[in-house]
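*Asks:* As a plain string of letters, each chain reads:
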Amino acid sequence: MIRHSRGSRSFRVAFLGGLLALGILLIACCAVTLSLSRSISKVTSTSSSSAPTMPTDPHSAMLAVAVSPEKQALLQELAGRFNDRRLHTPDGKVMTVEIRAMDSQTMLDLALRQALAEGNEPAPIQALNPDSSLWLGQLDRTYAEQVGAGETIAPRIIADTVRYAVSPIVIAAWEPVARDLGWPDRPVGWRDIQRKARADPGFKWNHASTSHASGLLATLAEFYAGAGKVRDLTVEDVQAQQTLDYVAAIEHTVRYYGESETAILERARAEGRQFLDAFVVQEQMVVQFNREHPPERLIAIYPVEGTLWADHPLALLEQPGPTANQRRTFQAFREFLLSPEVQRQVLAAGYRPADLSIPLDGKGSPLTAANGVDPTQPQTTLQIPGPAVVSVVQDVWWYTKRHTNVFLVVDASGSMRGEKLEAVQQALHVFLDQIKGDRERVGLIVFSHQVTYIEPLAELGENRIQLEQAIDRVQAGGNTALLDAVRTAYARLRRLGEADRINAIVVMTDGKENASGVSLQALVEEIQQGNQAGPPVVIFAIAYGRDADYDVLRALAEASGGQVRQGDLDTIRQLYKVLSSYF
Amino acid sequence: MSRTRVVFFTIILLALLIVAGSLAWRALNRPEPLAVTPHGPIQVRVITALPVEPWVRAAARQFNEDKHKLEGEPIQVEVIAMDGLAALGKWDRDEFGVLGDRSPDDLSAEEKARLSQFPTVWLPDSRYLVELANVTYKERLGRDVFLTDGEYRARPVAVSLFAWGIYESRAEVLQAHFGEINWRTIHDAAIAKGGWPELGGKPEWGFFKLVVPNPRKNVGGLAAMIAAAGEYYDRPDISTADVTNPEFQHWLGELMSSVTDVSGGSAYTAEDFALFGYSVGDGGQLLESDLLTNMAGIETRWADPLRIYYPKYVTWFDFPFTVWMGPETTALEKNAALEFEHFLLSPDVQRQAVAYGLRPANPEVPVTEGDSLFVRYQDRGVRAVVPRTEAMRSPDRDVLLALLRWFDLNVAQR
Chain G
1 MIRHSRGSRS FRVAFLGGLL ALGILLIACC AVTLSLSRSI SKVTSTSSSS APTMPTDPHS
61 AMLAVAVSPE KQALLQELAG RFNDRRLHTP DGKVMTVEIR AMDSQTMLDL ALRQALAEGN
121 EPAPIQALNP DSSLWLGQLD RTYAEQVGAG ETIAPRIIAD TVRYAVSPIV IAAWEPVARD
181 LGWPDRPVGW RDIQRKARAD PGFKWNHAST SHASGLLATL AEFYAGAGKV RDLTVEDVQA
241 QQTLDYVAAI EHTVRYYGES ETAILERARA EGRQFLDAFV VQEQMVVQFN REHPPERLIA
301 IYPVEGTLWA DHPLALLEQP GPTANQRRTF QAFREFLLSP EVQRQVLAAG YRPADLSIPL
361 DGKGSPLTAA NGVDPTQPQT TLQIPGPAVV SVVQDVWWYT KRHTNVFLVV DASGSMRGEK
421 LEAVQQALHV FLDQIKGDRE RVGLIVFSHQ VTYIEPLAEL GENRIQLEQA IDRVQAGGNT
481 ALLDAVRTAY ARLRRLGEAD RINAIVVMTD GKENASGVSL QALVEEIQQG NQAGPPVVIF
541 AIAYGRDADY DVLRALAEAS GGQVRQGDLD TIRQLYKVLS SYF
Chain S
584 MSRTRVVFFT IILLALLIVA GSLAWRALNR PEPLAVTPHG PIQVRVITAL PVEPWVRAAA
644 RQFNEDKHKL EGEPIQVEVI AMDGLAALGK WDRDEFGVLG DRSPDDLSAE EKARLSQFPT
704 VWLPDSRYLV ELANVTYKER LGRDVFLTDG EYRARPVAVS LFAWGIYESR AEVLQAHFGE
764 INWRTIHDAA IAKGGWPELG GKPEWGFFKL VVPNPRKNVG GLAAMIAAAG EYYDRPDIST
824 ADVTNPEFQH WLGELMSSVT DVSGGSAYTA EDFALFGYSV GDGGQLLESD LLTNMAGIET
884 RWADPLRIYY PKYVTWFDFP FTVWMGPETT ALEKNAALEF EHFLLSPDVQ RQAVAYGLRP
944 ANPEVPVTEG DSLFVRYQDR GVRAVVPRTE AMRSPDRDVL LALLRWFDLN VAQR
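Chains G and S supply the protein sequences, listed in that same order.
Take 1 as the starting number for the first sequence in the working numbering and just add one per residue.
Take 584 as the starting number for the second sequence in the working numbering and just add one per residue.
For reference, chain S alone in the conformation it holds in the complex (with noise of 0.2 Å):
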């Protein structure tokens, strides 16, 4: 055989051995997918606070217009509302379905179709309750889910604050009588024996109602409850001794026994408040945005515009948005998160967050510019910048969990 013949040959059975090599190392060794490996465009799911929803929903249906693509495959976000708290039990009761230590071919079908819902992006109301779903994952798999550094880290994409929002006519008696509207203040209001007459109001406006968000359906309530408890104890930090204090649940119960419904399966947030106006609530804390984002319904609907005012002690929301970091989700999806997370903090999105009564997280984006709703409703007490600025601080878990019982026992089962 000539030298020509060996070589053709030699080269005809190298390739024919790689080619079974090949075939064969891929049926013995597939690598294990790190999730349902996606088909088409990249999807990147992001379960979003109520208060931000609408921004970030609008903000998705244009970054999905436009396009984006992540090494040479389309990025389509898809998102799904839920309240923080509500996504924080999911998280807790582990309802997304984490594969913890199984392959993804141990799993059912049902497990799979699960798995490929599976939130790439939580953002939620405020970082703590990312703290919070963290340390449950880390008890349970001994590694972080979220992280608090890096490039994966839970970023703010806008921020903002809770403050008074109360109908004029009733804030005028409220101020008239009592001099400041604070947590003290309502809560006299609140406990007036004769209602509005005995404070100088009118007798058709029944007794004060407060509009507090249902804590259960709404983490906005749990704010305004540790919002209260500042103002009682005069400090922002609050400890599990001090929500259980007696005394402090004895004041805490009066207040609350002037919110008019806690029994609905609505949160009953700031859009409630102007749909069914003062006659569910005279005034309440909630989000700067959303009393901002109904200023002009109220004003068309109820012919009472709300008066805004800034409470001593300020809680924030900052609206982290959160990559999760396990291998639910692949390392494309991740990518692709952290490009719609960029969108959201180019200057042109944050602009529209302003429009949604957000405060952007992007510093060079000013809250002032053209008619916004910071301009518009100056005269009702709206200020760009907070002139009270000491934060209340992040409760941790065993405070929020003990108002929650409070909550239960005392105002959910009255």
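With the rest of the complex left out, here is chain G (with noise of 0.2 Å):
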């Protein structure tokens, strides 16, 4: 008995030993298990994610922003200051602004393009910042049609928006002529611009091309008053004969146009009043301009019928759609430019800055009369018609503008070999893709030793493939006739004496003159008299490479009222698109 009793116990021991080590193995048995299953997971889940690659990161955090030119400095410098705070995502990643600069247009094509494309490539934008809200109207218009057609609540591009400046576009005028024209004593609209222009042969204006808020303005401005209205303008009105005629009238007056509103005002710079008398551009231009106290000041004139707003919104972009960490530094660098420290800096360069508690009229706010501007103006706008009528306007523009008579000079002597030769041919099919309208008459001259190619100036409705031909067969060789060329060009352009044209040659060198049987004083002579006598031809140089003749060069675009411009193998394709936009 007491040994079955020990035997028992020893037994009872055993079993409850065994229990207690069941539960402990049981135990440990449940960690390993949690432990190699979560192991298991984890390799699951990193093969898993890295199975289809994407090729954009989905964690990026940086954000490329697309800027219209006029304010590329002012936002390179913002997003400078907001890169070096190294802000960072809740997963770790350097939340980065970059900043690209292009045209309204060039932006908006791109930013069509990327929200169109098939595939996961990787987008080179992912916000914009062009000089007015027109265009993200026209931007989320076209996306509609061409993804969302027939659906009743359209599929957008552009969803977040921010402003962070904003300025009033304006008719910029030197003091005396705003004073000719009635300011400050009575109110000054477009009307008074284009009755002056269509009385006074030497008065000069300019607006910049359609694409532009500002030229968008003046030509709006200009059809409004060709059909007799001040707002409800329609496909209709803008289509009318009578209201073409009158804006063709206008246009006409125009010296010619131009590619932004920087370049019109370093012009202005340069040459002072013989330069142009007026000229359309943003009220913060004004303000810069006359803060450098240049000789004779600048005055703002706040169309009596109205104006429009270059409102500079930053827009995200939904298609393709940003990463969660994109639009947190969205949201960040939104929040940076709103920041009282960076409103202020907007002020201080001329804007208005979004910050209502911030005073335009308040201590050193360069927003003075003094500096020729008025902040209790504009008192109003224009209507702005609808993007089916912008977009006609812009159309029809082309028919209505002042035409041009336009040859292009081409230096193909044999140091424009290779690679230099094949960027210009593409650059020069770029100048006339940038032309839109048919009766635009563009003539091509190609030289080396001499000129050994020409097609004549006619209508791009009828010569646009024959040019586009002859850029492709242009080859490099010879010498380099270059003054031969130009007075060619020249010679030609004044035989047609068409005065309601705007005249001019793009000419391009890579090099050195050698080879021409005119001198180069006897041509800028020739240049000199023959603009004073007669409609004159304007003379765009593009010095390209470090060889060429930039003072030859230099000269002949004086002589004429032109310009003369650098470029190289990765500029010239966008010196000859923005050379395009004077005509």
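Bear in mind the hints are in silico, worked out from the structure with no lab data behind them.
We put the beta carbon where it would ideally sit given N, CA and C, even for glycine.
Among the clues, some could well be false.
Stated by the list, open to error - Chain G residues, not near chain S, derived (Cβ > 10 Å throughout):
| # | residue |
| --- | --- |
| 1 | Ala73 |
| 2 | Arg81 |
| 3 | Asp84 |
| 4 | Thr106 |
| 5 | Arg113 |
| 6 | Ala154 |
| 7 | Pro184 |
| 8 | Arg191 |
| 9 | His293 |
| 10 | Glu296 |
| 11 | Leu356 |
| 12 | Asp374 |
| 13 | Pro535 |
Said to hold, decoys possible - Below, a list of computed lysine-lysine pairs in the DSSO-like style, where the Cα atoms sit at most 27 Å apart:
| # | chain 1 | residue 1 | chain 2 | residue 2 |
| --- | --- | --- | --- | --- |
| 14 | G | Lys512 | G | Lys577 |
| 15 | G | Lys229 | S | Lys652 |
| 16 | G | Lys93 | S | Lys776 |
| 17 | G | Lys93 | S | Lys652 |
| 18 | G | Lys436 | G | Lys577 |
| 19 | G | Lys196 | G | Lys229 |
| 20 | S | Lys785 | G | Lys93 |
Work from the hints to combine the two standalone chains into their complex.
*Replies:* Now the structure itself:
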């Protein structure tokens, strides 16, 4: 019994010990199981996330912003300061903003292209910052037409938008010109400019093309005046012959168009009143100009019929969708732009800040009468028609604008061989693509040791294909008879003598003049005398590469009231594109 | 073999069997996660209507700093600003990417990435937008994705209403000329051929310019058009037949012809009204909270204060906090969303809403405490208690779509 009870006790002890061990083992097993399964799921999740590689980093916190050129410097500086803060997303990525300057039309084309792109190619830009919301409306409309036809709630590219700086568009006139127009005794408007331009052939004014907010506004004002309306402009109004005739008559008084407000201001700075009497720009440009204490100041005229605001919207692109981190960067950059410190800097740059608590007439504000502006203006704005009418105005403008006779004079000497010539050929195609109007006349002169090819001036509706083919056929070889080629183009334009058109030569060379019969001095005198005697021919010169004869080109440009630009392999396309906006 | 050894080896064998069985069970029957398993904090993504976004964003920041937790995990709230109509369009087109009948394993990498950003909460301008989105999903999935009752129901977190905001110089002229400011007198001002001089105003003011948000970009624009219809018919409920009535459409067309800009990408809110001043708009019916938050700025920038008038039929926005009920978000995320909702409804955060010109959803919080915007601008016509309380009824989907179509054809493309 005793043994039995002893044996039974030891069994009970062993049994209890076993149960305890089992319990410990079970807990250990659970822990091991959990740990193993976690490891397995970790491995699985890692492999699944890495399996189909997405070209765009789904965690990218880099926001690329396309910015219109006139505020590139300001935005570069602000983006730099933002990046210096090294803000982090919750997953540890550094938020960065990259500024990419491009004109409004280019950024819209790019935004649309990347929104419609199939596949997972990385989008070059995630946000836009054009000069006006007008372009965003057009972008949304075009996108909806292409992908959402028939949908009641149309898909949009633009969702989140913020304004950090605004500036009304004004007519900038030299003070004596402004007084002559009636300022400050009575309100001055678009009609006064139009009247003056038609009555006084010596009156020189300019506005940018309709792909800039200022150019579009000036053109809309002409269409309103032509239609005899101040609001409710319709497609029918725009297309009416009476309106077209009126607008064409006004547009023929424009000296020439231009690439941007910045370029206009630079020339006004360099040439003063000789350049233009009046031009259409943002108020901020007038402030910026007058703060440099020029010999003669500009006055901002707020058109009595109404103006338009350059509202510089910063807009996040929803298509293709930004990453969560890019959205966070956008939000952080937005808050940075609206911070009191940056808003004061925006005011100091001559813009009206979005922060309404900052008074425009406060101490230190540059928006003063001394700087030619009035912060209580404008009193009213011109009614901006819907995107459909705006689009028709832009199209019709090509028919009503002052037409052009332009000769492209191209160096095909031996030094142009290889990629240099290829780049120029591409650039010439870009130039032609940019000129939409078929009534513009374009000719081509190719030169090396002499003029080797001439495609006569003709309306693009007739010779566009011949020009494209001739450009593709250009071959390099021989010396550089630059002056003879320019003289050939000049003589042909002079012979036409068409005062109602812009007459211009766009000449490009990469080398030194060494083969012409005519001397520089003789040609310069011929141009100066010819331009005084008849319709002026303006020369836009491109010094292509480091070896180009810049001085000769500058002499030709200055003699004609034109300009000279420097280009290289990387910039030549853009340069030709920019120059196309003058026509 | 002794009994002890038998017991010992049995236990070892059992343990090994448990480990192997458990691993096999997990491998074969791995539970499908409801969504991408959250790593780190529980993410609550809130698609937020623009009028309440500044308040909700500030509250979210505070909430995140307070380190709220659920089941031991920290909650992180992220606010995504989006107009109610834009969000409705995204729901309609299923741009957020619901799973439907698919398993998360069937998704492409891009779809998975999108699903990881699926909204936990939608906080639109008005309850009727939620109802419209829910109807769409009910047709698509056969179930409700937003609830109207129970713990996860759509619940207002603040309210505001539409009121007239008119620059004082212009309001005085209008009152002298018409006596009362309502949609009918505004219509008459809009069609005055001689512009402001005909009404007794200054020539440099040009024509009367009405501010109506672009209804394609801001649901407030639709609300304004529905309110105009209410006063035109002198009743608070509007049908499709009402908005397609040619006489009404002609009247509305005349009214909308005085809107300065419908072309832009801007939603055109009261903020724009303040930023561009009387140059783009003399007055309009806008959200009271937007008007209130911009009153000070308008006085600083334009030296011409705004007058507030309340319309006969009041349109309310109730900003419902609406939790997505589909499997695209986890139960933990849904409950974390409720934590944030309770935070928004807490008296302190509701008091902060008043600072943004919003009327609190929590009835215990008054709008007249201290120097609130409602107190500060009493002299400009702001009322803590809305004098007239007949509310416009929520329009149905067909009325909204008919108005949008009319707008596209007659205003946006003019």
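*Asks:* Now tell me if each hint is right for this structure.
*Replies:* Checked hints:
1. Ala73: 23 Å, holds
2. Arg81: 22 Å, holds
3. Asp84: With a cut-off of 10 Å, G:Asp84 remains clear of chain S, as the shortest Cβ separation is near 23 Å.
4. Thr106: 17 Å, holds
5. Arg113: The claim stands: G:Arg113 keeps its Cβ more than 10 Å from every Cβ of chain S (closest is about 18 Å).
6. Ala154: G:Ala154 is in fact no farther than 10 Å from some Cβ atom of chain S, at 7 Å.
7. Pro184: 13 Å, holds
8. Arg191: 14 Å, holds
9. His293: Since the minimum Cβ distance to chain S is about 28 Å, G:His293 lies beyond 10 Å and the statement holds.
10. Glu296: The claim holds: G:Glu296 sits with its nearest Cβ about 28 Å from chain S, beyond 10 Å.
11. Leu356: 2 Å, violated
12. Asp374: 12 Å, holds
13. Pro535: Check passes; 37 Å lies beyond 10 Å.
14. G:Lys512 - G:Lys577: 24 Å, holds
15. G:Lys229 - S:Lys652: Violated. G:Lys229 to S:Lys652 sits at ~63 Å, over the 27 Å cutoff.
16. G:Lys93 - S:Lys776: 59 Å, violated
17. G:Lys93 - S:Lys652: Satisfied, since the Cα-Cα distance of roughly 24 Å is no more than 27 Å.
18. G:Lys436 - G:Lys577: Distance of about 12 Å is within 27 Å: holds.
19. G:Lys196 - G:Lys229: 20 Å, holds
20. S:Lys785 - G:Lys93: 56 Å, violated
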